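On the provided structure of chain A, position chain B as indicated by the hints.
If you're matching them up, the sequences are chains A and B in order. What the first sequence shows, in our numbering, is residues 1 to 154, in sequence order. What the second sequence shows, in our numbering, is residues 155 to 344, in sequence order.
The set of hints was computed from the structure by calculation and includes no laboratory data. Hints should not be assumed to be uniformly reliable.
[As the list claims (entries may be wrong)] Below, in silico cross-link-like pairs of lysine to any residue (SDA-like), each with a Cα-Cα straight-line distance of 25 Å or less:
#, chain 1, residue 1, chain 2, residue 2
1, B, K278, A, V14
2, B, K278, A, N41
3, B, K278, A, S59
4, B, K291, B, V333
[To be verified] Which chain B residues stay away from chain A? Per the calculated CB distances, all over 10 Å, these:
#, residue
5, R221
6, L228
7, N229
8, N267
9, E290
Because the structure is a prediction, the values reported are computed rather than measured. Virtual Cβ for every residue (Gly too), placed ideally from N, Cα, C.
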Amino acid sequence: MSCARMENKILGYVDGRLKEGERLEMEKHLETCAACRLRVNEFRAVTGLLDELPLIEPSTAFDARVHALVAAEPVKQSWWAAFLPSPRVAFAASMLLLMTVLVGKYSTPTQPQIAQDDIPVLENYDVLSNFDVLTELPPPVQADEAPDANVQMN
Amino acid sequence: MLDVKAGDEQSFALLLHRYRTPLVNFLYRMVRNREQAEDLAQEVFLRVYRAREDYVPSAKFTTWLFRIATNLALNSVRDNRYQRMEISLDAPVTVDAEDGEEKALDVAEKHPNIEQHLVEETRKKMIRHAIEKLPEKQRAAVLLHKYQELDYGEIAKILQCSESALKSLLFRAYETLRVELAPLVAQHGK
Chain A
1 MSCARMENKI LGYVDGRLKE GERLEMEKHL ETCAACRLRV NEFRAVTGLL DELPLIEPST
61 AFDARVHALV AAEPVKQSWW AAFLPSPRVA FAASMLLLMT VLVGKYSTPT QPQIAQDDIP
121 VLENYDVLSN FDVLTELPPP VQADEAPDAN VQMN
Chain B
155 MLDVKAGDEQ SFALLLHRYR TPLVNFLYRM VRNREQAEDL AQEVFLRVYR AREDYVPSAK
215 FTTWLFRIAT NLALNSVRDN RYQRMEISLD APVTVDAEDG EEKALDVAEK HPNIEQHLVE
275 ETRKKMIRHA IEKLPEKQRA AVLLHKYQEL DYGEIAKILQ CSESALKSLL FRAYETLRVE
335 LAPLVAQHGK
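Chain A on its own, in the form it takes in the complex (with noise of 0.2 Å):
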């Protein structure tokens, strides 16, 4: 294995992540190179040093703050639920539609209204006996009736 190979590797030979095949090879190559032996080293002298820097710990006030965070989150609906109507809206609708079935019970009914300018009208039959138009129709013509008229016109 040359050098220029090991350099993916040779981290995950200090962290001992290589697979055996991989990490029986790379044993191999540091036995002959002393420049990969030295950064090997000093990767994990590297490596050493990063476990050097202390961890934080979140203030205490953290978990309730993100307890706040979901707490304000809005309720999720399925897709349906938005052709619900709002409570109110629901509530408004339902007094409305009883009002008006109470108002249709209780109310008393009351007769159609006839104009009061038409009722003589109605009522003077006179009028029609006596119009003009009606009194003027020629008798209806009898069926048995009519060769005779063809004969005279003749």
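Showing chain B alone in chain A's frame:
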């Protein structure tokens, strides 16, 4: 996470308890501002909660969690929204208190061995600065590799690259750290 998906609020609390410290530490090392790290961590948990009903266990939960965290951290760093806290050389010496909070401290009064303490602090400062100087993606890769101990496949998924690309990324990052920390590396080898 599947219990959280089923609406179990107590499971969400357990999730929060288990992952808050690694998440806050990862974000703190990415953005170098404690308050901002906590804000981002809270945003991560909120997004997890919001996405609980759509969660599909196709990958490990930690991979999903740190992918959200990494994206938020990278956006935060790139947008330059949050200024890193610069410590002036003239400012009082700071140390990590028991809870890790950096606080100004009168070293002479509270530390018996001032010289040794200053040496330790200088080492930590050098290590922090070496990590901070890495490009964001390399920094995220190192933090996930070193402190979260995720395997290469998981880190590659989080950073949305191939496993071989990740190995190259990590190699370059550790090479940079090796050069930046050369004086400490030499001491470490003795």
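query = Which of the numbered hints above does this structure break?
reply = none
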